[in-house]
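Asker: Given chain U's structure and the hints, the job is docking chain R onto it.
2 protein chains.
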Amino acid sequence: MESISIGLLGLGTVGAGVVKIIENHQDKLAHQIGCPVKVKKALVQDLEKDRGLAIEDGILTLDPEDVLADPEIDIVVEVMGGIEATKEHLLEALKNKKHVVTANKDLMAVHGPELLKAASANECDLFYEASVAGGIPILRGLVDGLASDRITKMMGIVNGTTNFILTKMTKEGRTFDDVLKEAQDLGFAEADPTADVGGLDAARKMAIMSTLGFSMNVDLSDVKVKGITDVTAEDIEYAGQFGYTMKLIGYAHRDGEKVEVSVEPALLPNEHPLSSVNDEYNAVYVYGEAVGETMFYGPGAGSLPTATAVVSDMVCTMKNMRLGVTGKSAVNPQFEKKLKEREEISSQYFLRLHVQDEIGVLAKLTSIFSNHGVSFEKILQNPLNGAGYSEIVLVTHKASLDHYEDILMELKDYHAIHSIESSYRVEGGEKG
Amino acid sequence: MESISIGLLGLGTVGAGVVKIIENHQDKLAHQIGCPVKVKKALVQDLEKDRGLAIEDGILTLDPEDVLADPEIDIVVEVMGGIEATKEHLLEALKNKKHVVTANKDLMAVHGPELLKAASANECDLFYEASVAGGIPILRGLVDGLASDRITKMMGIVNGTTNFILTKMTKEGRTFDDVLKEAQDLGFAEADPTADVGGLDAARKMAIMSTLGFSMNVDLSDVKVKGITDVTAEDIEYAGQFGYTMKLIGYAHRDGEKVEVSVEPALLPNEHPLSSVNDEYNAVYVYGEAVGETMFYGPGAGSLPTATAVVSDMVCTMKNMRLGVTGKSAVNPQFEKKLKEREEISSQYFLRLHVQDEIGVLAKLTSIFSNHGVSFEKILQNPLNGAGYSEIVLVTHKASLDHYEDILMELKDYHAIHSIESSYRVEGGEKG
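Protein sequence lines correspond, in order, to chains U and R.
Per the UniProt record's numbering, the first sequence runs over residues 1 to 432.
Per the UniProt record's numbering, the second sequence runs over residues 1 to 432.
Quick caveat, the hints were computed from the structure, so don't treat them as lab data.
Possibly wrong hints are sitting among the right ones.
Given that identical chains are not distinguished, each listed pair holds provided it fits within a single copy or across any two copies.
What the hints assert, rightly or not - Calculated pairs, DSS-like style, for lysine-lysine (alpha carbon to alpha carbon, straight line, at most 25 angstroms): (1) K431 to K168; (2) K340 to K28; (3) K258 to K20; (4) K398 to K340; (5) K153 to K20; (6) K338 to K153; (7) K97 to K328; (8) K337 to K28; (9) K28 to K338; (10) K40 to K97; (11) K338 to K398; (12) K95 to K40; (13) K378 to K398; (14) K258 to K28; (15) K338 to K224; (16) K28 to K431; (17) K28 to K117; (18) K340 to K153; (19) K20 to K40.
As the structure is a prediction and not an experimental result, all values here were calculated from the model.
Okay, chain U solo, but in the shape it has when bound:
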């Protein structure tokens, strides 16, 4: 090969980062691959927009076919986003024997298996490291680094916006709305932050990681999702008093053959390695039966970090091209998907209640829990001045989700409970 030609679908922040890295690290790339790499075409929506890049004439195009059908283009790099139309583009690229590198978690979480199948059928590589946790090489860690181990748990802080918000709320005692506004002003949060703060973005990444880590096709719809919009400064304050840190945790757990995947705000012991992952940083904690605890930490987003993952995937593809072994990297899932039932899911729980100031309330509360076989690890009662009721905050020992939900139902029916203020999982107390 004299040179390798890249076609870009999209030239936003990540696309611009890819162009910059290819330019700045041309020597390193050529040293590893054995030939130069150049961007031949880039699909954009606006030919005139200033992207802060010097781009040669003839590279930008408005027509996807200029990328997808150009016989000289070896690798299509998809950084345009979107799901259905983008999937069609990539299927066409693969049919035309072009390798694909994508940073698109939305697409991979929904259509990953179909696209990987098409890649394999066309002897093409399809890599997507950048779709999860930006610059952190976590997918490679799961697939190659822990290839010989059996992963039983993954816990991820995989959304930078929510981690930034929760970090600020924790350190400065501020409210969600107040910090969200600051994050938007700083550009850490989108104008429409729904996918981030609602947990959907993290859920997509957890679906992708669970599919690889557990070797079974976990769909986005299998992930139970709860966002951080209801998290209050009080919850975080009480969590701190109990020695816990509040994080939006993607939680994937395997017990025997069955798995559970969720995204929700949860409390972690302060000593847990994820508890000190702050601001917009991401990290994924992985527990393997043989390796024990590992953690991968880094920037979860951003133009250059994400572009690093894209170009590293390109390097991998280009090495495979030179060796004539493209389309062989993906391993089909080993197991049929089996999801845990409600009664098979267990955790510790944090609960904050407002109760009437009456004799016998605490005794009644305790008996509701103990009737379901659930006991407390920690409990704290505070009078709420002038309100006529008290605040009770507690952390249970490990309990099954169905027992815990039955308890919540009974609490709601008990007249002395004024309100259930909040309820969270407490995770990370056990390693495996």
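Answerer: Relative to chain U, chain R alone:
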């Protein structure tokens, strides 16, 4: 291939872990590779020793040739340790077209380039992920995950024994000797702990990582090494007062074309991700120009974690065997080695002095520093009751090593300085 046969050189704790993982994860391995894997021979020193393993008859041998010359053995796994004789064994294995996986940092730090050359000449794979930071897939992270980036800094806590000792000293205010004894009793430190506490073990790992991360042949002899034997509880206490944590840091830095690699006890800001890596855990912090800050965390040693890395390397080799592309993974260093000169090395420094209680001492001290263009970031003076002198603890702003060493010389000559109690680098205040 009907099956892949492994020959083990050594069957100590890591070797036994390899046997266990191959047995326990046979299904996962076969799924990935497409055929079963079995251990055919294992070189040991004692046929009768109880290893806590059920081993079939005929597998153990006292003769290296039974492993190295057996035409049915595809991969030789070296977990016996040692340097010169072991090198000869591996060269023979490679000559006999056997792929090699080794966990031997001592060997790779000294003879890595020669062995890699022999592997390439014989179209064999030679992988050594387990030689650095046990179960953490850091070498793969450097080579594949950050393939497209330019790494400028690596900081590693890469020795579990010393991290265990420093963590205990920090949390419990105990002395080095006291904690070392406990670590030996618990099996976290060897009976002869010299290579660990003296920094040599960490230096070997830093030589291997620098060679890969900077793409130049960094030898063990290029690494400046200082161990933790002189670290006192007072140093750690003062560091804490200033907001720093003491760690044995492997430090590798690239400035333009020149690099510096050292292992020494150093102070890190408490907020630095490495500062919360405690007990026997390891972690490697990597800064890349594009990706920014990343960190890889996990168990740095132990039978099963290290064996995980060995077997993952085996999986990689076996995939390459099936694709017919062995011996192509290693990339020769891109750059000629250039080491920084003393005046090109710069850092902040922590210094603890005992000075006479005289008028004008602090002014003189300040002038010695400022004459060399070095100023203080923090300074603290404490009377030492009854001793007739005071303790001064200070942290400088960034200064070049030659200026700092000149200052130390002048301080030694100044009559009012009773003693220079300790001096450490302060690292991690800057990211890049």
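Asker: Does each hint fit the structure? Answer for all of them.
Answerer: Quick rundown of the hints versus the structure:
no., hint, in the structure
1, K431 to K168, "between (27 angstroms within a copy, 21 angstroms between copies)"
2, K340 to K28, "between (47 angstroms within a copy, 21 angstroms between copies)"
3, K258 to K20, "between (44 angstroms within a copy, 24 angstroms between copies)"
4, K398 to K340, "within (17 angstroms within a copy, 55 angstroms between copies)"
5, K153 to K20, "between (36 angstroms within a copy, 21 angstroms between copies)"
6, K338 to K153, "within (15 angstroms within a copy, 43 angstroms between copies)"
7, K97 to K328, "both (14 angstroms within a copy, 24 angstroms between copies)"
8, K337 to K28, "between (41 angstroms within a copy, 16 angstroms between copies)"
9, K28 to K338, "between (44 angstroms within a copy, 17 angstroms between copies)"
10, K40 to K97, "within (17 angstroms within a copy, 42 angstroms between copies)"
11, K338 to K398, "within (23 angstroms within a copy, 57 angstroms between copies)"
12, K95 to K40, "within (19 angstroms within a copy, 44 angstroms between copies)"
13, K378 to K398, "within (12 angstroms within a copy, 47 angstroms between copies)"
14, K258 to K28, "between (44 angstroms within a copy, 16 angstroms between copies)"
15, K338 to K224, "within (15 angstroms within a copy, 53 angstroms between copies)"
16, K28 to K431, "between (40 angstroms within a copy, 22 angstroms between copies)"
17, K28 to K117, "between (32 angstroms within a copy, 20 angstroms between copies)"
18, K340 to K153, "within (14 angstroms within a copy, 43 angstroms between copies)"
19, K20 to K40, "within (14 angstroms within a copy, 50 angstroms between copies)"
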